[in-house]
Each structure stands twice: as C-alpha cells, then as structure tokens.
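*Asks:* Using the sequences plus the hints, can you model the full thing?
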Amino acid sequence: MPSLTDQELVAACLQGRESAYALLVERYTPRLHRIAARICRHPQDAEDAVQESFLQAVRDLRKWKPTAPLEAWLVTITVRTAQKVDQRSNRVASRSDSLDAPLPDGNQRELRDQAPSTDPAAAAGSADLTSRLAAAIEDLPSKYRVAVTMRFQEGLSPKEIAEHLGLPERTVRTHLLRGLKALKERVGDLE
Amino acid sequence: MTVCSGSLEHVELALLEGSELSSAVQAHLTSCSSCAAQAETLKGIVAALQASQAPAAPAGLAARIVPLVLAEAQRGRRQNVFVRSFRPVASFAAAFSVVLASLVAAGGALVVSAALTAGSRNPAPETTAPATKAPVTTEAPATQAPATEAPATEAPATAAPATTEAPVPTPTPDLPRRTPEPVSPDPSEGESTAPTEGTSP
Numbered sequence: 001m002p003s004l005t006d007q008e009l010v011a012a013c014l015q016g017r018e019s020a021y022a023l024l025v026e027r028y029t030p031r032l033h034r035i036a037a038r039i040c041r042h043p044q045d046a047e048d049a050v051q052e053s054f055l056q057a058v059r060d061l062r063k064w065k066p067t068a069p070l071e072a073w074l075v076t077i078t079v080r081t082a083q084k085v086d087q088r089s090n091r092v093a094s095r096s097d098s099l100d101a102p103l104p105d106g107n108q109r110e111l112r113d114q115a116p117s118t119d120p121a122a123a124a125g126s127a128d129l130t131s132r133l134a135a136a137i138e139d140l141p142s143k144y145r146v147a148v149t150m151r152f153q154e155g156l157s158p159k160e161i162a163e164h165l166g167l168p169e170r171t172v173r174t175h176l177l178r179g180l181k182a183l184k185e186r187v188g189d190l191e
Numbered sequence: 001m002t003v004c005s006g007s008l009e010h011v012e013l014a015l016l017e018g019s020e021l022s023s024a025v026q027a028h029l030t031s032c033s034s035c036a037a038q039a040e041t042l043k044g045i046v047a048a049l050q051a052s053q054a055p056a057a058p059a060g061l062a063a064r065i066v067p068l069v070l071a072e073a074q075r076g077r078r079q080n081v082f083v084r085s086f087r088p089v090a091s092f093a094a095a096f097s098v099v100l101a102s103l104v105a106a107g108g109a110l111v112v113s114a115a116l117t118a119g120s121r122n123p124a125p126e127t128t129a130p131a132t133k134a135p136v137t138t139e140a141p142a143t144q145a146p147a148t149e150a151p152a153t154e155a156p157a158t159a160a161p162a163t164t165e166a167p168v169p170t171p172t173p174d175l176p177r178r179t180p181e182p183v184s185p186d187p188s189e190g191e192s193t194a195p196t197e198g199t200s201p
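Residue numbers (the working numbering), protein chains in the order written: chain A, 1 to 191; chain B, 1 to 201.
Rather than coming from a laboratory, the hints here were simulated on the basis of the structure. Any given hint could turn out to be false.
[Said to hold, decoys possible] Here are the computed lysine to any residue pairs in the SDA-like style, where the Cα-Cα straight-line distance is at most 25 Å: (1) A:159 with A:73; (2) A:184 with B:43; (3) A:184 with B:54; (4) A:65 with A:20; (5) A:143 with B:46; (6) A:184 with B:31; (7) B:43 with A:130.
[What the hints assert, rightly or not] Some chain B residues judged to face chain A by a derived CB distance under 8 Å, without partners named: (8) 12; (9) 38; (10) 41; (11) 42.
A quick note: this is a predicted structure, and the numbers were derived from the prediction, not measured. By construction, the Cβ of each residue, glycine as well, lies at the ideal position given by its N, Cα and C atoms.
*Replies:* Structural data, given as structure tokens:
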C-alpha cells in the first residue's frame, strides 16, 4: 500500500478504501504542516490549517487531475487555507506590535532551529539576528510574509508561488522584493 | 546615489533569483561601503531564512486527522448517492417548472392583449373584464355600474366616477382621464390611485 502512486492512491480513496485515506494523510501531513507552519503565526493555527486542508482535499478529490502532482495540488489547498486560518485567528490581535516586546513561545519557531555557530560571539549575534528576523517576519503584511517564506524557507520559485497563490508571477515578484526590503529596514534599524 | 540604489536592486534581484551578482555590481560594492553594508544585511537575512527549519508536525497529528477525513469521505459518498438518485427527479421538476412558467407568461400576455383590444373596441365591454384587468380598463365597468357579475370590490370603484359621467352616453374612451376630478382626499397620489380611492368610501 505505501508504494501506491498518487493516481492509484486517489483512485483507491474514491473507491472508498479507508486505508487509502489514512495513507494519504500520513504521506502528506509532514509537508503540509511545514507549509502551514510557515504561514500561520501560531502553532495551533497551523494544525487547524492542515486539518482543514485535508478535509477540503477529500471534498474536492474528484477535481484533481493526474497531470499535476498530487503534492502540489495539496500544497495549493494548504497555502490558501493557512492564509485564511491565520487571518481569521484572533490570536494575531493579541501579539505585541513592538519588536522589543517579549515574544510568546510560538513566535520564534520559524528560525529557532538554525544551525549553531562554533564561535560564541557569532552565535550570540546570529541568535540576535534570528530573533529580530523572526519578529520582523511576524510583522510583515500577510502577502509579503507568505511570498518571502515560500521563496526563501520552502525554496519555491516565484512561478511556483504564483501558481499556489493563484496570482500573476509578476505580483509575486513584487511581493518578494517589497517583503525583502521591509525585512532589511526592520532588521537594519535595530543594528 | 542612483548608482547606489540601482546596485541594491540588483542585489535584491540576484537574491530573489538565486543568481550571481554581475561584475559591475560587485565592483560597485567593493568601492561603496554603504551599499556593501546593506548588501551584507540582505544576504544575512536570506541566509538566516534559508537556514531556518520549520517545526516538525506534532506527533499524532496525522492520527487525529484520519478519522475526520474518513467521516468527511463518508459524508461525501452519502451526498453523492442522494444527488445521483434524485438528479432525474430534480431535472424533470426544473423542466416542468420552466414549461409552466412559459405557459403562464404566454397566458398572461394573451389576457392582457385581449383586454387591450376590448378596451379599444369600447362598445362591447361585456364580461371580459376580470378582476385583474379592472384597473387597466376602468371604463369597462363604468358602463356596467349596476352589473352584478363584476367583483364586489370593483363595482364601487368604478361606480363613483360613473355617477359623474353616466349622463354622457357616447364618449366613453375619455372617462378614465377624467376620473381624478372627483378625487379629493389624497393629494399625494395622482391618477393611479383612483381605483383604490373609489373603494374606500
């Protein structure tokens, strides 16, 4: 069963085989959660987004066409769902607007696993940059934050991001450049 | 200054595309400390972003989602069965309602045209004026003021103006245009209110 191709997996799901649905969820949860965690600013929102994405995918499973990879289709659903979940989350309102304010536990998750440096001074500087950058990313407008994280953290090309978001590639490039510029200003101001 | 800002845009674009800086931009960065510092900041930001790792999915997340997905799939199958079994009925009902609506529309058009032609041929109004047509051809009931077959609500409506015009036998087509004359109590509504005012007293 684990060796099923995407097409076989979807066909088995549509036949009503429960093990196929379980395999679908287990196979793609890590990837979809990573995407959702990049977009959502709270860990619980990321989990909610993954769950909602799978439910949406099951509802629309007949619409998937084997011409596109199943993972890309699921990522598209997840990106859009995670944006909605993050936007409607009232937890966002409670976060601090100040870069200097202490951040809640979940807010620095995106950069906290950065590779450690051997030089203590460099490590301290790097950790400082990491925390400032995490705060700066949190403060970016949603469209810039999504573009920047998809490009530089998930390694997607501007064209792929455009496809996932349903936006023109040119718009995505604009969001990337503006997001990068905003990050530079916010991080640079504190140096 | 424009050279500096242009250089930084080149740096941003190169970071965006993951491409190398041109030799001209690199030469500028070696000679301009301000641009070099900003370029380093940008590179540092991108490097930090790329080095970051998203948190792993919590243990048990997939296990929590699977039952929900199965329930959703079952619900979808039940809806599909329902839709498939009732689709012929629904399509027949839709087609029937379209036919019915067109028939009603055609019938209404026929009745209205008949009423209009009857109104233009004033000498023979007879009983062709049903309740719905009374406001359109008010002159028809006027000639039938005592008629008992007319609906009870409309007999007085046309009877009131008929008292003013009854002695004049011939020019019946002008009757409706004169109906506003006896109307006095309601100034806001013009000639269109004549039938309703006739009913109130």
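*Asks:* Please go over all the hints and tell whether each is borne out by the structure.
*Replies:* We went through each hint and held it up to the structure:
1. A:159 with A:73: 15 Å, holds
2. A:184 with B:43: 10 Å, holds
3. A:184 with B:54: Judged against 25 Å, a Cα distance of about 21 Å means the pair holds.
4. A:65 with A:20: 18 Å, holds
5. A:143 with B:46: 18 Å, holds
6. A:184 with B:31: 21 Å, holds
7. B:43 with A:130: Holds: residue 43 (chain B) and residue 130 (chain A) sit about 13 Å apart, inside 25 Å.
8. 12: 6 Å, holds
9. 38: 7 Å, holds
10. 41: 5 Å, holds
11. 42: Holds - the Cβ of residue 42 (chain B) comes within 8 Å of chain A, reaching about 6 Å at its closest.
When the structure is compared with the earlier hints, no violation turns up for any of them.
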